[in-house]
Amino acid sequence: MKLFGVFAIFTVLILSSCATREEVDKLSLISAVGIEKNPDSDYKIIIQYLMPNKSQEPIPVTKEVEGLTIYEANKKLNEFLPRKPYWSHNSVILISEDMAKDGVRSQLDFFRRDTEMRQDMLVAITENPSKILYNLQKQQLPGETLKLIAREASERNGLGEVSTIHKVYQNLFFKKPFLTITHILLDGENPRIDGVSIFNKDKYITTIKEDEAKGFGLLNLKKNYSSVTINCLDNENRKITFELTNKKKRTDSFVNNLGNFEINLSLEFDAKMAENYCIKNMWKPDTIKELEKSLNKKIKELATKTIEHSQKNVKIDYFGFGNLLYLNNPKEWKEIEGEYKNVYKNANIKLKIKTRITQSGAVH
Amino acid sequence: MEKLSTSLEKNFKFFQQRLNHCEDVEFRILNPYKEKGNEIIFMYCENIIDEMMVFESLFEKIIQHYPKKNEKIDQSILKDVFPTTSIFFSDDVQEIMSYLFYGFCIILFPDSSKAGLVCYSKKSFRQVGEPQSEVVIRGPREGFVEVIRTNIAMVRSKLPNANLKVRLKKIGTESKTFTAVIYMENKAPLDTLQKVLTRLDEIDIESIHESGSIERRLEEHPFSLFPQIVHTERPDKLVSDVMEGRIAIIVDGSPHALILPSTFKMFLQASEDYYERYWLGATLRVVRIFAFLIALLLPSFYIGITTFHLEMLPTELALAIAMQKEGTPFSSFFEALLMEVFFELLREAGIRLPMPVGSAISIVGGLVIGDAAIQAGIASPAMVIVVALTGIASFAIPKYSFAIPLRILRFGLMIVTSFLGLFGLMIAIIAIFIHITSLSSFGVPYLELSFSSFKEMFNFVRPSQLKNKIKYKESEYQ
Chain A
391 MKLFGVFAIF TVLILSSCAT REEVDKLSLI SAVGIEKNPD SDYKIIIQYL MPNKSQEPIP
451 VTKEVEGLTI YEANKKLNEF LPRKPYWSHN SVILISEDMA KDGVRSQLDF FRRDTEMRQD
511 MLVAITENPS KILYNLQKQQ LPGETLKLIA REASERNGLG EVSTIHKVYQ NLFFKKPFLT
571 ITHILLDGEN PRIDGVSIFN KDKYITTIKE DEAKGFGLLN LKKNYSSVTI NCLDNENRKI
631 TFELTNKKKR TDSFVNNLGN FEINLSLEFD AKMAENYCIK NMWKPDTIKE LEKSLNKKIK
691 ELATKTIEHS QKNVKIDYFG FGNLLYLNNP KEWKEIEGEY KNVYKNANIK LKIKTRITQS
751 GAVH
Chain B
270 MEKLSTSLEK NFKFFQQRLN HCEDVEFRIL NPYKEKGNEI IFMYCENIID EMMVFESLFE
330 KIIQHYPKKN EKIDQSILKD VFPTTSIFFS DDVQEIMSYL FYGFCIILFP DSSKAGLVCY
390 SKKSFRQVGE PQSEVVIRGP REGFVEVIRT NIAMVRSKLP NANLKVRLKK IGTESKTFTA
450 VIYMENKAPL DTLQKVLTRL DEIDIESIHE SGSIERRLEE HPFSLFPQIV HTERPDKLVS
510 DVMEGRIAII VDGSPHALIL PSTFKMFLQA SEDYYERYWL GATLRVVRIF AFLIALLLPS
570 FYIGITTFHL EMLPTELALA IAMQKEGTPF SSFFEALLME VFFELLREAG IRLPMPVGSA
630 ISIVGGLVIG DAAIQAGIAS PAMVIVVALT GIASFAIPKY SFAIPLRILR FGLMIVTSFL
690 GLFGLMIAII AIFIHITSLS SFGVPYLELS FSSFKEMFNF VRPSQLKNKI KYKESEYQ
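These protein sequence lines map, in sequence, to chains A and B.
Residues 391 to 754 (my numbering) are what the first sequence spells out, left to right.
Residues 270 to 747 (my numbering) are what the second sequence spells out, left to right.
Just so you know, the hints here were simulated from the structure itself, not pulled from any lab data.
Since this is a predicted model, take the numbers as computed values, not measurements.
Glycine residues also receive a C-beta, built at the ideal position from the N, C-alpha and C atoms.
Any given hint could turn out to be false.
Stated by the list, open to error - Chain A regions said to be covered by chain B (calculated; three or more residues, Cβ under 8 Å):
#, stretch
1, 411 to 419
2, 432 to 443
3, 583 to 592
All chains, please: the whole structure from these sequences, using the hints.
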């Protein structure tokens, strides 16, 4: 019996033959990848990989390969790479706008399906991925840098969202008829997050920027430290800036008696005074109340602008109100599912915003 | 000849023959009147006896009290010479022989089959000093020595109580080594005590030189890698364990006392845990559990992650490891194996060598393992950190005997992990866990898995009595 045990252990060990074993020095870590349309074959992928080097910091190397599918292109990498391309540490997938117009699902499939893929890669839309990647070559960890930029922009500035591949797929398979992905712009030599790309199903439509993007952030992001600037109460030319901190969101969507889709949105913020050019004494309760009112108005303005944009211009519910109805009341959702686009266009959205100035920032 | 005969001449001849070539045994004949048949013969082993005392008190006093000429000398003279000292008589040759070598002076009388035995034992021994293997910062600084009488005295002086029983046994067919079984009568479970005593009687061994040689014969699972009997050099630890109802065994010639039954957590305890303030003990226990895990798992975990699951690491760390690994010729597994073997060699060499040479070895070894291996491209710096950390962690375990299974298992785990990755490691951990849970020590489960023992483990409560912990009856664990 004991002999059999020993035999079994050795058999297991030897038959496994070190499957999936890879030594670190036989791998080249891929840091970022860009996908572009190619007139000749289906895909042109731009791959940025790191060559670990004993004496100095690793240098990113950028290569372009073509292929019918991304996996084919991946295999072609080994025509010039002495090591196995290792995708687990890839942190950014850049998809060109014209590629995204045909739908992003097919391009993301490889990253979702292949083994050892980390699902926290950032998916981003940009006009020209190769330009961004070539510009990033001076960075040590190009992919990681881009991902961090996206995270900081969304958390600190309330701009766009960190659309990891996991989130993208979650949205794709949920009852949301929309998808939002971070948009990156090459500003001179540096990449910059400038807004959120809106998708119908998985097809790229447009990108919302600036005020609309900020409104989107206010309405959609969980964590958000964006700033709002309003005019002083006494002087129209002077400004006062608040940072929004704590956010509480309550959304309620239903179909009312008349058959109209109705959404009640209430947002609560805590605001911290960040910068103040006003002269008036700030720490009187009445003044603070006035300021809060003024803040409410400004936030409502921003949010309404985005909502109007979604209802009138794009005609797509990129906030996911429909999804909420599906979760709360699937029967009602089923009734309007087919013509949701029209329903949403005429939906009645009521906004209720409440701000509390918690830190008035008194300076002597 | 089993009993002495009545003829002094015969007895003397017999002993001379039996002790032929035992040149450390001295025979002295006392016959002041040169009368045949009226002499007495002294027999003693000169090196283990206090010769000065023999001359001053025994010989001189006997001569003073020697009967007058023509009067027969007999045993009663000893009563006159030593009215108070313990003297006893025996006619059993075996007994006389053994007492001779315990440092007794044997006195043979004419026309008597009884020999008188007087104790003049004086063995030279090491001074009581600080225990070498269990150093504490706070706590008594005395440790056991090689002489059993001193050791028992140390225990007795800590527990001057009639409930503390010391049962002496002689173990070893040739060596007849004194072995003391120490326990508290009102605390030790009777079954366990009986079991220990029968096991001790069943031991079939020629000679004992260390308590370790009976330790393996007392264990229920002698082939398990994990030790099931704690040994200690500290009388205070022994007493505190005896107070819990455990049974201690002290063997003559060994400064290591055995404590049984012992469980897993006792190997991770130091006596200081109870002397220092509560929080220190509780924290150090946690640290030692981490040390246990690191000493066992770290190299295999490192191999598993770097060769199978690189995606688990943060990108920066993965890249740093990749950079360090650049240019080294071997696989992670072989590198780890090499460095671990280096380290074991160094440790082994360092222990056996005398102190001055040992420090030289540690310098050379430190350079070889630390720096030169990296310079030569044999190992990566991360691997050196892993090996060093593993070594330090295994030193952090209070009981040396408990670090040994970890050192051996570490290699097995490394091999399994190099084949099967972290899955293999997990399988091996589960196998080890199953093995530990299946062990028991005299009816006490080795890995006490209960909430109360968990509280004890982290020093929340004083350890409870042993009789509450026995889970199996004797018939079940035999």
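query: Are at least 3 residues of the stretch 432 to 443 of chain A within less than 8 Å of chain B when you compare beta carbons?
result: With 3 residues close enough to chain B, the hint holds.
field: Outcome, coverage of the stretch 583 to 592 of chain A by chain B - at least 3 residues whose beta-carbon is closer than 8 Å to one in that chain
entry: Violated, because only 0 residues of the stretch 583 to 592 of chain A bring their Cβ atoms closer than 8 Å to Cβ atoms of chain B.
- request: Examine the stretch 411 to 419 of chain A for residues whose CB is less than 8 Å from any CB of chain B, and state whether their number is three or more.
  value: holds (count 7)
In terms of the numbered hints stated before, the structure departs from hint 3 and from no other.
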